[in-house]
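Throw the hints in and build the complete structure from the sequences for me.
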Amino acid sequence: MNEYIIHEIIYSTELQKKEELSKKKEYENNFFVVIKIDNDKLAGKVNSIPEIKDIIKCNIHIDNNKKYFRNEQFLLPMKEHDQKHRILKIYNGDNKILKELEFIKFGKNFWKDYILYIYKIKETENYTNRLKILYDYIINKDYIYILLKPFKEILSYHNITRLTNKQLLILYEFGENITELSIDQLVSLYDKKGFGYTTIINIAKGLKKSVEDITILIIINIFLKNDNTYIIYDDYNIWLNELSKYSDEINISDLTNDKFLNIIDNMIKKKYIIQIEESKLCLYKLYKAELFIAQQLISIQYNNKTLPLIQAKKSLRELEYFLNSYSDNKSNETLDTEQKRGIINFFTNKISIIHGQAGTGKSSLLKGLIKSIEEMEHKIRPVNVYFLTPTAKARQRIKDIMNDIDDQNKYVYNTIAGFNYNVSENFKNKLKQYYNIMIIDETSMIDINTLSEFLNNVKEIHKTIVFLGDYRQLPSIGSGNIIYDIINSSVLVSCELLTPYRYKDKKHLLNIINKILNKETINENILLNSINEFNLITPKNSNDIDNIIKTECNNYDIIISPINRDITTYTDIIRDIVNPIESSKKEITYNNNIFRINDKIIHTKNNNPEGIYNGMSGCIIDIFNEINIKNETITHIKIKINENTYYTYKFKLQIEYITNDNEHYTHICNITDNKDNPINDLQPGFMASIHKTQGQEYNNVLILLSHSRMTNNKLLYTAITRAKKKVTIISSLENLNNVINKNINRHSLLNSMIKYEYEKYFNLKITTFNYDSVLESQEEPQEEPQEETTTESKKESKKESKKDNIIIEKSKFTLIQLKNLCKEHNLSCYSKLNKIQLINLLQNTNPHLLEKI
1 MNEYIIHEII
11 YSTELQKKEE
21 LSKKKEYENN
31 FFVVIKIDND
41 KLAGKVNSIP
51 EIKDIIKCNI
61 HIDNNKKYFR
71 NEQFLLPMKE
81 HDQKHRILKI
91 YNGDNKILKE
101 LEFIKFGKNF
111 WKDYILYIYK
121 IKETENYTNR
131 LKILYDYIIN
141 KDYIYILLKP
151 FKEILSYHNI
161 TRLTNKQLLI
171 LYEFGENITE
181 LSIDQLVSLY
191 DKKGFGYTTI
201 INIAKGLKKS
211 VEDITILIII
221 NIFLKNDNTY
231 IIYDDYNIWL
241 NELSKYSDEI
251 NISDLTNDKF
261 LNIIDNMIKK
271 KYIIQIEESK
281 LCLYKLYKAE
291 LFIAQQLISI
301 QYNNKTLPLI
311 QAKKSLRELE
321 YFLNSYSDNK
331 SNETLDTEQK
341 RGIINFFTNK
351 ISIIHGQAGT
361 GKSSLLKGLI
371 KSIEEMEHKI
381 RPVNVYFLTP
391 TAKARQRIKD
401 IMNDIDDQNK
411 YVYNTIAGFN
421 YNVSENFKNK
431 LKQYYNIMII
441 DETSMIDINT
451 LSEFLNNVKE
461 IHKTIVFLGD
471 YRQLPSIGSG
481 NIIYDIINSS
491 VLVSCELLTP
501 YRYKDKKHLL
511 NIINKILNKE
521 TINENILLNS
531 INEFNLITPK
541 NSNDIDNIIK
551 TECNNYDIII
561 SPINRDITTY
571 TDIIRDIVNP
581 IESSKKEITY
591 NNNIFRINDK
601 IIHTKNNNPE
611 GIYNGMSGCI
621 IDIFNEINIK
631 NETITHIKIK
641 INENTYYTYK
651 FKLQIEYITN
661 DNEHYTHICN
671 ITDNKDNPIN
681 DLQPGFMASI
691 HKTQGQEYNN
701 VLILLSHSRM
711 TNNKLLYTAI
721 TRAKKKVTII
731 SSLENLNNVI
741 NKNINRHSLL
751 NSMIKYEYEK
761 YFNLKITTFN
771 YDSVLESQEE
781 PQEEPQEETT
791 TESKKESKKE
801 SKKDNIIIEK
811 SKFTLIQLKN
821 LCKEHNLSCY
831 SKLNKIQLIN
841 LLQNTNPHLL
851 EKI
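Using UniProt numbering, read the sequence shown as starting at 1 and increasing by one per residue.
If you are wondering where the hints come from, they were derived from the structure by calculation, not from laboratory data.
These numbers come from a predicted model, not from an experiment.
All residues carry an ideal CB built from backbone N, CA and C; glycine is no exception.
Nothing false has been slipped in among the hints.
Restraint ranges, calculated between C-beta atoms of paired labels, are given here:
1. Asn592 - Lys271: 43 to 51 Å
2. Ile232 - Lys586: 57 to 65 Å
3. Thr589 - Asn262: 50 to 58 Å
4. Ser244 - Gly196: 14 to 22 Å
5. Leu240 - Gln311: 54 to 62 Å
6. Asn680 - Ser182: 30 to 38 Å
7. Ile531 - Glu375: 41 to 49 Å
8. Leu764 - Lys330: 44 to 52 Å
9. Asn592 - Thr306: 53 to 61 Å
Below, the structure written as structure tokens:
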């Protein structure tokens, strides 16, 4: 019999109670090895991570006289074998020892210390992918519940219940004495993933926090729930009206005007919020994040430390020649004037924005952009190209667009959150070796905190960043309105794509889309003229909606609603029409969801190893059973994602046995842990929310536009532009026009902050608010040491003076000359600036152009 490689040897408390094992046993089913070493009874499972809730790792595998904890995903070396005391070394990716933990007699305190340590280094450069795999595995099981059971009982005593494992661990990090949890620590929970307002308030109420403390938590939630970066607070009655919505949490009658103002003052002192322009309040962290974004965008674009990809006139002419002759290999599509301008802007600037309505050729532009990089490779320095997106589904769409690009290994595809998550010092050092091109798609979906973190991660590397998107679509789930603010600052180069390729043969549908964007009323005559491309069906009552959906659902590729309640209500009705019960069609019910062959399904979470992403849709093509080695049934669902991708889900209990003579021990495998099973991430896909369909395209779309305060202009625009051929809306005409005129007004400071940083950078007169002064006023006053005027500082002073003199010398240029120069080189966006701004701008970005005058 062949010897097995024992990847894990595990100590089972259950086995300890059993009869002594007299000799080594091996079983040919490749599942388990039971082995006796010294006086311990040990069980090892091949190629898996053990279940810590039942068993605790206690021993080692001998390989060339080295001792290891080992499995297929990570490797953690130990010191020499010692039955009583063992030391586990935690390593990072560079074999640097981060921590040594003593393992004494397999005690559970070891695991608690181990998991807490892994958690604490999550946000440091030492948190490598290897540790992430281990942490994610441990945190998503029941081990935290067992290890922190006494702490959970303390929380229950204070009526703090229904917390997830991650929430338990985060609270435990503050200390076991939960009653000492401070307001600062409660506020910090808003920054922790998985902690929402309801959970935080329940913790505060359970700990009997004061009215003032709970009001602070409510005020922060008011900021966050509307995704604003500032709120106007000058009217106490408006605040009182808003706070009255939280009457279950606080007694409003106790909150006088004086008390409220004291709370605001206290929040400012504690740096929870910041006050600007007399009547505006901002969350302190968001304020700093927005200001940092503005500083970085201006610095990247206008500093001379890094030059754009192309500066030489000869190279620019070569690029223009290529763009004029370019056509796509498959579609033979050429580039229009705006697409060419967007690509030229990209090559001649370090920050640029390319935006346009749905269907205006952003995908074609991306192909042309990559082909241009390949064509100009001999003229530019070695580059890394990163495609970054807000979602995994958008990342996959970019990969599909780039599918026919020759050398895929040159390009890195990632979500922007994934990029931020995996940044380490080693990674940054690798980035510094190249010039990095960052192509950020679907920018409208990226929030302030994510972009701020990204810019902080790349601030020391050489880069060109281009933002792509459509500011008219749904904004980010999180604070800010980034792409809109950058465009409207007018100090960074942007290009708008104007040709509606998707609707070139659908002029009536395009007319409806434009009326929605312009907030124009749609009347009966417009509907009559558009009936072949846009149709409105008005229900008489709720029962009539059922009948309309039954009649119409077979004629459409997707039914969209802005309200999840509608999806729950009508899914079974639609299934029975689109995919009725037949004796030949297998079906199962799992977690109250019916799954039937030919059902449409939609994924609600990412499953990265399998290439399955949130919002991706598919179709069930088979349901079948498998009989395992112990004659137990495993159910499989096979799903077709696209022509080339199939995925099979397994679920139901599978019991595997290890046998020692006549004794039987059972082990529930990972596959049976239904809460971790990917099938839990499937939902019927006959209807979908507008958010889930963003980035998707369908020929024909049916939209159920219910009366709701949640519906607005951007939701409607996003829903309608999913269709390429025809849209039908179930709604009254009055409700449709109300939605058209209902806009999302997000308060944001980024637009004016970018202008401020631009004016400050070029020493222009500040026409906006002085955003630095507010931060300075809230900082602790520090006594700065008197610095002597060194030779270096004198040189810097002379350099600045020389720079100013150059700008003054250039003032002999006329405004008309400067604007003509910009126009000649496709820099027409600069023409919005005044003379001084143009001179400063050209001096710092394209100084060679000034030589032409």
